[in-house]
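**Student:** Dock chain to chain to rebuild the complex, using the hints, since each chain is given by itself in its own frame.
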Amino acid sequence: MTDIPLIRLDDVSKVYHLESGDVTALDHVSLDIRENDFVAIMGPSGSGKSTLMNQLGILDVPTTGSLLIDNRDVAAMSTLERTHMRRDVIGYIFQKFFLIPLLSAYENVEYPLILKHKQRDTTGRAREILQAMGFDEKLAAHRPSQLSGGQQQRVAIARALVNDPKILLCDEPTGNLDRKTGLQIMDILVGLHGKGKTVILVTHDPKIAEYAKRTVVIEDGRVQEA
Amino acid sequence: MKDIFFELSVRSVRLNFLRSLLASIGIVIGVVAISSMGMLGTNMQLSVKEQLSSNVNTIMISSDVVRTTSSAGGPSTSQGVTKDQLNDIKNVAGTNTVIPIHRTNTEFTIGSRDGRGSMYGLDPDDIEKFLTVENGTSIRGANDAVIGSTIASNFNLNIGSRIKVGEHDTDSRPTVRVSGILQSRGFSADGINTDNAIIVSDEWYTDHFGDKDLYDQVNVIVEDVDTISDVEAAIDEKVNRKKDVVRIMDASSRLESISQTLGTITTFILAIGGISLVVAAVSIFNVMMMSVNERVQEIGILLSIGTEKGEVRRMFLYEALILGIIGAVVGGIMTLVIGYSVVSAMIGSTAYFFRPESIIYIPAGMVVGMVVCVISGLYPAWRASNMDPIDALRSE
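Chains A and B supply the protein sequences, listed in that same order.
When we follow our numbering, the leftmost residue of the first sequence carries the number 1, and every step to the right adds one.
When we follow our numbering, the leftmost residue of the second sequence carries the number 1, and every step to the right adds one.
Hint data in this document are derived by calculation from the structure and do not stem from the laboratory.
We put the beta carbon where it would ideally sit given N, CA and C, even for glycine.
There could be a bad hint or two in this list.
Unchecked claim - Using C-beta positions, here's what the derived DEER-type ranges look like:
| no. | chain 1 | residue 1 | chain 2 | residue 2 | range |
| --- | --- | --- | --- | --- | --- |
| 1 | A | H117 | B | D388 | 26 to 36 Å |
| 2 | B | S257 | A | K118 | 43 to 53 Å |
| 3 | B | I325 | A | G21 | 46 to 56 Å |
| 4 | B | N293 | A | A132 | 29 to 39 Å |
| 5 | A | R179 | B | I325 | 27 to 37 Å |
| 6 | A | R214 | B | D388 | 30 to 40 Å |
| 7 | A | G21 | B | M290 | 29 to 39 Å |
| 8 | B | D3 | A | T123 | 46 to 56 Å |
| 9 | A | K118 | B | N293 | 41 to 51 Å |
| 10 | B | D3 | A | K195 | 27 to 37 Å |
| 11 | A | T123 | B | N293 | 49 to 59 Å |
| 12 | A | S45 | B | M290 | 30 to 40 Å |
The shape of chain B in the complex, shown without the other chains (with noise of 0.2 Å):
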């Protein structure tokens, strides 16, 4: 059995179609907001914590030790994990794996095509323990250099391409060989991201650009993870032992640093997003006025033969609500569409737009949505209820 109240909002909201409409159209905005970036976010959040997920029994070192530049505009000094260090480090890390890096950022040239990216210099038998070399071999010649997905597909580079590397204006820049090509690997937890970097040899390195016995980056790959703590203390004892010369970081501290600061950004997106309920809110609040002030004497005759002021707040809230609903489902079906369309050119991949985390997100919009609405609608129905019906029955 229908309620009178919840049928003469519904009628009322009929009458004034359009406009009725075009509040809920807020909403609607409002809702996709919310609900598609709070996916975005977490799509973000999920792929992130996927890609990473599959280093976090990984330790990283690198220096502590600020970069200086000397008083006399020499050249500075490097930062970077020393030999000393380094082998204080292979002592306390025992049988686990202890991969020291080297890296820089370069120009390169690929026949007439310039490009930029990241260099690692890795002992050529420390490549396979952390990396997968998909097609050709690992290095073994010693200008032999194995390369990321990304660059190879960017440049269509082959086994056996060249690439001339270092910074355009240098006399004369060496050429390395393409002897193997990644598999791809995403952002990286461990800090290596070799998508777009090109691996030689940690001599050829040091031969091209410096920085012998001078690493920039040394990688602890434990064997048993629930050690990593343990491992992490002991390298912090024995290396830092007078004051902090190297900074010690796992990856799943890493993980959730990144997952925090994603987190935030998602919050910063959905807080834009709520911008646009904000803006449907006085949208709404608009339209409940108007209702309102439209239907005073109506308010004076309900009022005058016995409707009691909860019974005519009712009226209101439901037809607040009603416009709510509307903008909710009609938002929540165009956030399924503009929500996954979003994901997928932002992010680049929908597999974890129907888990549950993500999806949560429509129905929490559309409520978040309804909510709004039904507040919107408390003033203008308060309102209503609170007419004197003498003067609400003589109003024109």
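Next comes chain A alone, as it looks inside the complex (with noise of 0.2 Å):
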């Protein structure tokens, strides 16, 4: 492990201009995520949670300050090369799953890989990690909406990992799934932890939070580590 965290924001604000007037959603936020690291981020309704999933999700740049992901400075790079990080570098996975309806489960675990090297998935990766997500052929062949949300979530999971990417942003990963279920979903967590993948969670449910290795808790777009 380097010295060199592989998320730093350093004194990062965000600002969104409103007719209202300016609302700061994030005040001089300074977080180090260091590789293979398991960060849950809590908070309450307003607090700047989104906002700073959006910032490490390379979905936003920061007003101010500077965040760097993966030794590389967001704010400077392309429109093409935040694309290009967000496929490569960053696995999502959603509280509402964010499949793409028109998809099949083994096409939705497919498409990142279809993204990064511009044809369909020879190597069979994308079988295998949906396999290993419990899915048999004929379960892959389904429509989301053929799913329940537990099998949804678990090709959300698939999807994200297909690139083998560093970081795994959870937002609210348990938050549309029974108790049950929820738990199948943290296990599988800590189990990629456990692999190597460093693991970002936004979560209310403290219980949830206690599988990480560390929480930071937003209020007022200000952090403060638990």
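**Tutor:** Written out as structure tokens, the structure reads:
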């Protein structure tokens, strides 16, 4: 493990300019996340959690301050470079699963591989990862609407993993699942952390946050390590 | 190997099949409209050209003097080529055939049925120099007439039939006897359209209609078509020496001007067909915008997990192209049927339908239909690719 953190937020602020006035969603936040860390981010609604997640997911750029991910300054990157970074370095797992409804489970997992290699998967990687999530050929041919919530979240995890990203960004991954299924999903995430992935988890649930190595609490756009 | 974005587009079209189909019908109508109209125009041009090109060796001379009416309200002075001018023309024309022509438009009666048509007065010796008598003989007796094929079939006329000629309100209407029926001539470049005409001898004509030694038109048929412009120039030099008294035209320039006119008409009807494509474009645009607006969250997913803007754009352009291909293929097939029927009904002949210059309108119309579709999809595709993924993911 190197001394340079995988993610470094240095005095990052995010200000939204609205008609009613400027809103500071992130207020001079500094935070380091090292490789193979498992961080839970907690905070009440409107605390700036989502804004922080958007920054970490390179869906947005800071208004001031610097954000380095994998040793690269996000603000200095072009739109296309940020797109490629999202594709290659980060795996997203969302509360609402966000699978592509027109694609089968298998195609959803194969999709990031196609984005990266500009061709259909011939290596069998998509199938292999989906099998590891408990999907056989028949189930893999189902569309998302034909799957249960737990199955959809497994497909989403498989999709997040298929390009072998360094970071797994999980936004309330158990929020739409029953307790039992939620715990199964958490077991999978713990297992992935054990295999070397850096896991960042946003959650409301303190019991879920207990899975993480450390918890970051965000309130009024400011970070307080718990 | 299938492109995943093409596959997504196909599935989107399939998911909204009815809506896509309805949008494509617009393109079908557009393609059928422009292809059929284009084919109609071309077939019209081809058919007229073919009819006219048999008389390209003819020079037509008519008076350039505007008809005037005397201030006392007396009889109008006729316009025409005078006997002197005719002699000048004959001198210049040399061995080429010169045909002086009297012409008017008149009523006629056959039995109890009335009709209206052209009446030509020709020297009987000239008739068979450029007209073909199909049945019977040319003019021999003083009251003989040869008639056009349309008049013959419309009025069931045979050799020996009698026709009363002249306006209905005149006291005594002379009668002619049909001695021969001409071969169908169609629309002719030499200005002599005989299908709906009665042709009598020049003597009979001037006896009953006047205008002796004053001709409505003089045709010069040149033996060698390559000399036509020299002969024209010589006639112009001789007859129009002091001022322009006659108008000289040759059939090929007339053919050119008719072709030009028909070309303009073709463009005009194509433009009318084009309006339906504009309507189709609006409907494709509408369907594409609906597709984008319904899939905002999906677009958000695609963009957030690393899909390039260009790839999102491509996906929607494929969708527009698929609608275009469906519309164009169906439209192309339907044009074969509808275009054929339209050409057959309007022109009466489909002899030119499968000529390359006519049939090309089908692939051309199909390509235009597809291009219109893709153009209609440009803005929706651009809009989709430029969405903010955060906002898009948040939408329900």
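**Student:** Give a verdict on every hint.
**Tutor:** Verification of the hints:
1. A:H117 with B:D388: 26 to 36 Å: Holds, since H117 of chain A and D388 of chain B (Cβ atoms, about 27 Å apart) stay within the stated range.
2. B:S257 with A:K118: 43 to 53 Å: 58 Å, violated
3. B:I325 with A:G21: 46 to 56 Å: 51 Å, holds
4. B:N293 with A:A132: 29 to 39 Å: 37 Å, holds
5. A:R179 with B:I325: 27 to 37 Å: 50 Å, violated
6. A:R214 with B:D388: 30 to 40 Å: 31 Å, holds
7. A:G21 with B:M290: 29 to 39 Å: 36 Å, holds
8. B:D3 with A:T123: 46 to 56 Å: 19 Å, violated
9. A:K118 with B:N293: 41 to 51 Å: 29 Å, violated
10. B:D3 with A:K195: 27 to 37 Å: 33 Å, holds
11. A:T123 with B:N293: 49 to 59 Å: For N293 of chain B against T123 of chain A, whose Cβ atoms are near 37 Å apart, the range 49 to 59 Å is violated.
12. A:S45 with B:M290: 30 to 40 Å: 33 Å, holds
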